[in-house]
Amino acid sequence: MPLPFPFSAIVGQEEMKLALLIAAVEPAIGGVMVFGDRGTGKSTAVRALAALLPPMEAVIGCPYNCAPDDGSDACQASLAKLGDAKKKTHKVPVPVVDLPLGATEDRVVGALDLEKALAQGTKAFEPGLLARANRGFLYVDEVNLLEDHLVDLLIDVAASGENVVEREGLSIRHPARFVLVGSGNPEEGELRPQLLDRFGLSVEVSTPTDLQARIAVVRRRDAFERDRAAFIDDWKPADDKVRRRIVAARKRLPEVQVPDSVLERAAELCLSLGTDGLRGELTLMRAARALAALDGDAVVGDTHLKRIASPSLRHRLRRNPLDDAGSTTRVERAVSQLFGA
Amino acid sequence: MRVDEEDQARARDAVSAAALFAVDPQALVGVAIRALAGPVRDQWLALVRGWLPPDRPWRRVPLNIADGRLLGGLDLSATLSAGRPIAERGLLAESDGGVVLLAMAERLSAGTVARIAAVLDDGELRLARDGVAGTVPARLAVIALDEGIEPDEGLAAPLLDRLAFRLDLDGLRRLDPEASGLDAASIAAARERLVKVELPEAVITALTATADLLGIASLRAIWLATRAARAAAALDGREVVTEVDGTIAARLVLAPRATRLPTAEPPPEAGESPPEPENAPPPDASSQDTPPPEDNAEQPPIDLDQMMQDVLLAAATAAIPPGLLAQLKAGAQAGKARASGKSGAVQKAATRGRPSGSRRGEPRAGQRLALIDTLRAAAPWQRLRRAERDACTSVPSPVERIRPTLSRGERGDQRLQNPSPPGRGAGVRDSAQRTDAPDQGPRVLVRREDFHITRLEQRRETTTIFVVDASGSSALNRLAEAKGAVELLLADCYVRRDRVAVIGFRGAAAELLLPPTRSLVRAKRSLAGLPGGGGTPLATALDAAIELADAIRRRGETPGIVLMTDGRANIARDGKPGRVQAESDALAAAKRLAASGHATLFVDTSPRPQPSAAKLAGDMRAIYLPLPFADARALSAAVKTVNASGKARG
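Chains as they are written, first to last, in my numbering: chain G, 762 to 1102; chain C, 542 to 1191.
In case anyone wonders, no lab produced these hints; they're calculated from the structure.
None of the values given here were measured: they were computed from a predicted structure.
Don't take every hint at face value.
[What the hints assert, rightly or not] Selected chain G positions facing chain C (Cβ under 7 Å, derived; list incomplete):
no.: 1; residue: PRO861
no.: 2; residue: LEU862
no.: 3; residue: ALA864
no.: 4; residue: THR865
no.: 5; residue: ARG868
no.: 6; residue: LEU875
no.: 7; residue: LEU879
no.: 8; residue: ALA880
no.: 9; residue: GLY882
no.: 10; residue: GLU903
no.: 11; residue: GLU929
no.: 12; residue: LEU972
no.: 13; residue: VAL979
[Stated by the list, open to error] When the alpha-carbon atoms are kept at most 25 Å apart in a straight line, the in silico SDA-like pairs for lysine to any residue are as follows:
no.: 14; chain 1: G; residue 1: LYS877; chain 2: C; residue 2: PRO921
no.: 15; chain 1: C; residue 1: LYS1132; chain 2: C; residue 2: GLU1052
no.: 16; chain 1: G; residue 1: LYS884; chain 2: C; residue 2: GLN923
no.: 17; chain 1: G; residue 1: LYS997; chain 2: C; residue 2: ASP663
no.: 18; chain 1: G; residue 1: LYS877; chain 2: C; residue 2: ARG930
Virtual Cβ for every residue (Gly too), placed ideally from N, Cα, C.
Generate coordinates for the entire structure from the input sequences, incorporating the hints supplied.
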């Protein structure tokens, strides 16, 4: 695997970077959908984030990377087989699993282990991508080109946090809590509204139009290609800083206060925009809290709410398919009305 | 004379692009060649192949390649004979380090394009198919053979954007590679030199500025241009990229991507020519935390930079292909039309469907066996079946003797299976069988009940063609309301994931405002931009609608026509005004429409519906719906009926 481009060396795209950081701090946010033109560094950002995240504690031998204190049945069962009653843990990098196009269902959900079945005649479960992505990130590039039956499957698992496998005489359930990161170009196919709704945050990226920014992008990429190690080294202090920020935010997150007034504001905002369901308010609250944690604030305030309103809500407005760039504007309008900014 | 010079320039460009590509195929990603199969294309391909290192793969990808062959998966024959899963490398992985030729690339499905694009981006192939998962290196370059003829046939935008060069060899007689003075040896030398080539920041700046002035949004284009400039320097025997190389890159990489002509007056400063009034992110927002070393370091004399930019821009502008130039001058959005060339994808989906899982069943009537699932179903039973097989066939010679006892029934059966009941002895026999006679019989015992077939999702695509009357009479009446009605219908199409096309007619002509698309935003925009006024060339509009509907049906999709007009034709087919002729032409066209069998909805937009319009609707065998009584629900229901009947008929 070639070394990834450093996260902090990505020029611009602040909204996308912020959304990814929030997802890293608060996995319960429910995923990030990145819409944007070709070649805007969507994939680069996700892979860069993976390299940035601090390693996590996981039970040795657990195919689902379970945390030591979170012994799910599936994990226990597989450990019992290993004969390793005592749980030893080790540090593993946070998994960032790619769901490539053309993936087949058996590899995604996991399936009967063909090797064992054919050679030994034993029935064994071979975990799939969903198992590997547990506690990490599942990245689907061009999610709008994914086969429909896989999309259905993702929707289901992302909602329940659990992968239920009922096939080929197997009956297995295992935890599959991951941050779903999708990317896509709306011009190349629409995304099912159900899947869109699963994503907590939705960000839009565009090619930078500022000349200096564009030059910087090409320049940094050239430097990176010429000498990857040196370039990564140059950016290591900046990346380290981001990592420390994530770690500190994670620690701070449980203590961040959300005053009732902020909750009221969030509810008002959702009401005025007519978003469907409660998911909008929940996401807004969680995202604002994570943002406060990232900023080092102890209490969530209106500023946090304002900054996170667009990515949290723009994909939840009652869809008007004919309104092109309308949703962002609509959210911004509602925000400025509500906050009187 | 002029044309001749142009052809010569194109031929020269084709040779230089071949040389640059051969120097650094992977960084330049690829070449799109627009030409029909012919001697020039063959000559070009032979030229590139001769210039590339001889030991590199050079593979051709057929148009309808299956995922299994493209990406890899389980090698079925090997798996069956070995009795354990054996992975098979796909074509992309096999071509690692080499060049992949995409035949008839304009018809590649969106899915295939996305798979190839992902590999081009990553330089490796991520695979998760059929029990095989992993990442394999696949550093590829691509030569896409675009055999499109019509302007709207072309490579899919995601692929086109990734390839450095776009060549149009159409109409060229032959190339003259000798004139370039290059040969395989000089190219190989350039390849050696490439790692040492420095790219000064002034060249990056100049290329970026040039791209900006030509309205090229994609950053990838600039990146590819810098790679091309490096290759050009290496080819020229230098270790520093100069203006000359930048010129070549601008000419070959940037010019064909231009979306507008640079404005006449030179920009006051390099940084001041925002092509789109988009909300640009702050230039160095990310570098606030960390001052990047290179951003401030570089401040060379601005004049030199400016000069280089001017030179590059002039070179690029001069090299904009004539067809594109005409388009740009006319103010049309270049590249947009090409981007919609996905006819292959649609056809594939419509006629054969996409695989969506598998189900138990036998492969009959052309259904495809889902081998992997069949194997999976068979796998758990292998031990038992082997035991059964052994019991039946591998009983030693006394078979003959036993047979009579067998026929006697249960007791004989017992004796045969002696000493243990069927299940238990199986394991022993099984292992004995495997060690003693490994080659006897198939390794995997597949039975009929294991068969699974691939389930294809055969969703026929529906395309609704809106034919909107924007003539004076309609405009006076309620063009705005008609537009509103169309928007309602569009929302409905969105829900059903239909595609839409828009034909507008006014004055003397009918115009295809929007070729079939799923982007409703574009549909809405094309409608909003539809001016009103002029005559009502109804016959011409109907002809255009029939033609489009026929084309859609030929692609295996279901067309439906929604005609929004007041039905008062006053322009004949030949474009001349005259109510009598116009009406008889319209009647003839209506009958043609009826004969064509396309499902049609006639929405009468006049304020007081006329019986003549209802009659015309009857003549075209359309459902007639006068707008004054049509609310959103009625319209939606009517379109649904139309599409349903289209399906039934089509």
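Against the structure, the hints come out as follows:
Checking PRO861/G against chain C by beta carbon gives a least distance of about 4 Å; that is within 7 Å, so the hint holds. A distance limit of 7 Å between C-beta atoms decides the matter here; for LEU862/G the minimum to chain C is near 5 Å, and the interface restraint holds. The restraint placing ALA864/G at the interface with chain C holds, with a minimum CB-CB distance near 4 Å, inside the 7 Å limit. For the restraint placing THR865/G at the interface with chain C, the shortest Cβ-Cβ distance is roughly 5 Å, inside the 7 Å limit, so the hint holds.
About 4 Å separates the beta-carbon of ARG868/G from the nearest beta-carbon of chain C, less than 7 Å, and the hint is met. Below 7 Å, beta-carbon pairs count as interface contacts, and LEU875/G has one with chain C at about 4 Å; its hint therefore holds. Because the smallest distance between the Cβ of LEU879/G and any Cβ of chain C comes to about 5 Å, under 7 Å, the interface hint for this residue holds. For the restraint placing ALA880/G at the interface with chain C, the shortest Cβ-Cβ distance is roughly 5 Å, inside the 7 Å limit, so the hint holds.
With a least beta-carbon distance of about 4 Å to chain C, the hint placing GLY882/G at the interface is held under the 7 Å criterion. With a cut of 7 Å, the hint placing GLU903/G at the interface with chain C holds, because the nearest CB-to-CB distance is about 5 Å. Proximity of GLU929/G to chain C holds as hinted, the smallest CB-CB distance being about 5 Å (cut-off 7 Å). For LEU972/G, the suggested interface contact is upheld, since its CB lies about 5 Å from the closest CB of chain C, less than 7 Å.
Among the interface hints, the one on VAL979/G holds; its C-beta lies about 5 Å from the nearest C-beta in chain C, closer than the 7 Å criterion. A C-alpha spacing of about 9 Å is found between LYS877/G and PRO921/C, which places the hinted pair at or below 25 Å, so the restraint holds. Distance restraint check for LYS1132/C and GLU1052/C: the Cα-Cα separation of roughly 21 Å lies within the 25 Å cut-off, and the hinted pair is therefore satisfied. About 11 Å separates the Cα atoms of LYS884/G and GLN923/C, which keeps this hinted pair within 25 Å; it holds.
Of the supplied pair hints, the one linking LYS997/G and ASP663/C holds, its CA atoms being roughly 22 Å apart against a limit of 25 Å. For the suggested pair LYS877/G and ARG930/C, the alpha carbons sit about 21 Å apart, so the restraint of at most 25 Å is met.
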